[in-house]
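Participant: Chains as they are written, first to last, in the working numbering: chain A, 104 to 477; chain B, 104 to 477.
Since the hints were made in silico from the structure, they are not lab data.
Worth double-checking, as some hints may not be accurate.
No copy is singled out in the list; a pair is fine if it fits within one copy or between any two copies.
[Claimed, not checked] In silico SDA-like links for lysine to any residue, alpha-carbon gap of 25 Å or less: (1) K438 / D228; (2) K205 / N385; (3) K357 / S416; (4) K357 / G402; (5) K205 / R296; (6) K357 / V160; (7) K423 / S401; (8) K438 / N251; (9) K357 / S401; (10) K423 / A201; (11) K423 / D354; (12) K357 / A335; (13) K357 / G113; (14) K423 / L403; (15) K423 / E118; (16) K205 / G113; (17) K423 / G402; (18) K423 / R434; (19) K357 / L116; (20) K423 / L289; (21) K205 / D111; (22) K205 / Q411.
Protein chains: 2
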Amino acid sequence: MTTRPPADIGMALEEVDTPALLIDLDAFERNLQHLAAAVAGSSVRLRPHAKTHKCAVIARRQMALGAVGACCQKVGEAEAMVYGGVSNVLVSNQVVGAAKLKRLAALAQQAQIYVCADDAGNVGDLNEVAAAYKIELPVLVEIDVGANRCGVQPGESALSLAQHIDQAPCLRFAGLQAYQGRAQHLRSFEERRQAIGQAVEQVQHTTNLMSQHGLECELVTGAGSGTYSFEAASHVYNELQAGSYIFMDVDYGKNLAADGTPWREFEHSLFVYATVMSRPNNEWAVVDAGLKALSVDSGLPQVADVPQAEYASASDEHGKVLLHDPDTPVRIGDKLRLIPGHCDPTVNLYDWYVGLRNNRVEALWPIVARGAGH
Amino acid sequence: MTTRPPADIGMALEEVDTPALLIDLDAFERNLQHLAAAVAGSSVRLRPHAKTHKCAVIARRQMALGAVGACCQKVGEAEAMVYGGVSNVLVSNQVVGAAKLKRLAALAQQAQIYVCADDAGNVGDLNEVAAAYKIELPVLVEIDVGANRCGVQPGESALSLAQHIDQAPCLRFAGLQAYQGRAQHLRSFEERRQAIGQAVEQVQHTTNLMSQHGLECELVTGAGSGTYSFEAASHVYNELQAGSYIFMDVDYGKNLAADGTPWREFEHSLFVYATVMSRPNNEWAVVDAGLKALSVDSGLPQVADVPQAEYASASDEHGKVLLHDPDTPVRIGDKLRLIPGHCDPTVNLYDWYVGLRNNRVEALWPIVARGAGH
Chain A
104 MTTRPPADIG
114 MALEEVDTPA
124 LLIDLDAFER
134 NLQHLAAAVA
144 GSSVRLRPHA
154 KTHKCAVIAR
164 RQMALGAVGA
174 CCQKVGEAEA
184 MVYGGVSNVL
194 VSNQVVGAAK
204 LKRLAALAQQ
214 AQIYVCADDA
224 GNVGDLNEVA
234 AAYKIELPVL
244 VEIDVGANRC
254 GVQPGESALS
264 LAQHIDQAPC
274 LRFAGLQAYQ
284 GRAQHLRSFE
294 ERRQAIGQAV
304 EQVQHTTNLM
314 SQHGLECELV
324 TGAGSGTYSF
334 EAASHVYNEL
344 QAGSYIFMDV
354 DYGKNLAADG
364 TPWREFEHSL
374 FVYATVMSRP
384 NNEWAVVDAG
394 LKALSVDSGL
404 PQVADVPQAE
414 YASASDEHGK
424 VLLHDPDTPV
434 RIGDKLRLIP
444 GHCDPTVNLY
454 DWYVGLRNNR
464 VEALWPIVAR
474 GAGH
Chain B
104 MTTRPPADIG
114 MALEEVDTPA
124 LLIDLDAFER
134 NLQHLAAAVA
144 GSSVRLRPHA
154 KTHKCAVIAR
164 RQMALGAVGA
174 CCQKVGEAEA
184 MVYGGVSNVL
194 VSNQVVGAAK
204 LKRLAALAQQ
214 AQIYVCADDA
224 GNVGDLNEVA
234 AAYKIELPVL
244 VEIDVGANRC
254 GVQPGESALS
264 LAQHIDQAPC
274 LRFAGLQAYQ
284 GRAQHLRSFE
294 ERRQAIGQAV
304 EQVQHTTNLM
314 SQHGLECELV
324 TGAGSGTYSF
334 EAASHVYNEL
344 QAGSYIFMDV
354 DYGKNLAADG
364 TPWREFEHSL
374 FVYATVMSRP
384 NNEWAVVDAG
394 LKALSVDSGL
404 PQVADVPQAE
414 YASASDEHGK
424 VLLHDPDTPV
434 RIGDKLRLIP
444 GHCDPTVNLY
454 DWYVGLRNNR
464 VEALWPIVAR
474 GAGH
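Model the full assembly from the supplied sequences, consistent with the hints where possible.
Facilitator: As structure tokens, this is what we get:
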């Protein structure tokens with residue numbers, strides 16, 4: 104079930120088969136370096152989220168630039184990262200169910216693994232499996248700072264769960280998971296600033312309360328690509344989980360900077376490469392990348408190199424591209440770069456990255472955690 | 104990059120790890136038998152679409168019940184089907200680009216392969232590669248019968264392209280591809296009937312014209328699960344490409360029957376199995392199946408077994424389930440079956456089907472064409 108790569112090393116871009124997932128390596132490396140430089144010298148560490156890239160090569164590149172490790176959402180992702188050379192992983196999520204708990208504990212015998220909890224019963228299960236595997240497992244309390252998804256409430260509820268962890272013989276209370284996911288795509292700078300301002304207050308209140316009860320947070324972790332600068336400046340968070348900054352996507356491209364202009368701190372470095380397979384008339388072309396080649400949950404992709412061409416609808420294996428002008432230079436056999444609407448679920452459709460520099464294939468990186476859902 | 108199966112043979116349903124893609128084998132087999140019986144004894148053959156299931160085991164089951172072969176959208180899918188024992192494949196799509204054309208021709212040396220075209224230049228490329236591989240390649244003309252996607256116009260344009268194919272020394276004109284994709288999800292029976300009525304007229308006009316010019320159609324192929332009965336009764340189509348009927352999904356579940364009641368000719372047999380991983384309050388639960396475990400392009404999934412629970416939003420790895428009643432029996436660790444919004448792109452996220460009968464795992468079928476996009 105491993106698909107063949109759509110390219111060979113040294114190939115020209117135009118020879119790459121489609122659909123393919125391309126990385127513009129120059130832009131990608133600038134993104135990596137920019138965020139690394141932004142936190143260098145501060146007390147805030149990067150632990151970029153591997154759910155974006157699912158690729159151990161990329162996680163190790165991030166660590167080579169100073170990242171302390173990786174975040175993962177799934178035990179399967181964490182396994183793929185550890186076996187790919189990433190020695191320090193935070194599972195920024197709850198792990199529920201006997202089969203997964205065993206795998207988590209076994210993995211924690213092989214690498215530094217942190218996990219989150221938001222339920223006392225789950226803490227009991229974590230302690231039980233840690234005992235069975237003879238490990239001390241560090242556990243963070245997840246608090247809901249506005250994402251309205253998982254997590255206990257900040258303050259007393261969080262303290263209570265932290266004490267529960269602290270009292271479990273095979274667990275170690277390791278801090279707070281406080282990710283404000285909803286804030287990442289608030290379009291205006293001021294909205295994002297305010298949302299993270301509120302999250303910071305809730306985190307501060309919670310860490311103060313814990314401190315009064317003798318519980319110190321080794322990690323206070325959160326932040327995404329859209330808000331990282333606020334968490335970094337908060338003096339409360341000490342780790343950042345940004346993931347999408349390495350690639351960007353159409354959705355993130357809609358965020359605005361402080362001055363109201365489009366936010367362009369990071370560059371689009373990820374593209375779906377598609378071939379024009381039909382040009383039935385002067386109104387539209389059809390490309391070979393549809394719902395199985397890109398995720399449309401956060402909007403449609405953009406055609407990168409032909410501004411007047413509009414990717415207007417997706418079916419399972421086809422994308423319909425409106426030309427808006429009969430002279431739009433889009434012919435059968437042409438290959439187009441599409442900027443994905445949403446990078447993370449798009450990456451999860453592919454087994455390989457095709458890394459390009461100066462229009463030549465320089466790297467083929469396996470997406471080792473593709474499909475690692477359980 | 105091959106993920107481990109989330110289950111073992113003989114396991115109880117409740118032990119299956121999540122997210123997992125389940126098949127209710129009894130319902131699935133009833134669906135297969137129902138469509139096979141509906142065309143048995145008629146002159147219409149089934150060639151079910153493998154883009155739905157991407158699984159050679161299922162394609163062979165369909166053939167064991169009378170299907171003449173399979174349809175595929177991609178050369179990679181066709182390779183996976185042929186190498187999995189399916190000896191007769193229609194690539195119901197254009198194949199563009201040197202790399203894919205070579206693979207198509209090589210595959211046609213190993214099995215009966217048909218392909219579609221809607222462009223004279225592409226016909227020239229098909230002829231060239233057929234010559235290089237010393238094969239005679241059967242090519243269908245794709246006509247646009249209302250899907251407004253690929254295909255030449257019915258009538259003269261189709262005739263002209265058919266003549267072009269007929270005159271190419273290494274190609275054989277093999278008929279018409281005439282799939283009305285837009286009609287499948289028109290909600291009322293009458294709308295679907297009318298849309299296919301128009302398609303049938305266009306096909307009839309085209310085949311008559313071709314016949315007058317000495318060109319006979321070996322295959323006249325189209326139809327999906329939502330309209331198959333109209334094409335089957337048309338006396339014009341001789342092959343049906345329905346795919347989704349084996350599984351169904353929430354979107355197809357919204358179609359109406361002739362009497363205005365919900366259309367229930369086929370049963371839901373495909374489910375995403377998910378674990379409740381967080382119950383932060385009495386309003387909602389969070390399950391471990393989000394955008395990487397199910398496709399939301401055609402709407403959100405439905406919770407199969409807890410009617411009052413509503414899958415209300417999906418993020419990358421999470422699904423938020425509104426309880427609507429504090430007594431809704433959904434606890435951390437519970438496993439829920441979700442009916443996918445859209446079956447085809449959901450299947451493409453998984454490497455394994457977990458086949459269940461009487462709540463026991465009976466089969467683990469590899470989804471061999473998962474990700475076979477190119």
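Participant: Looking at the structure, which of the earlier hints fail to hold?
Facilitator: 2, 5, 6, 13, 19 and 22
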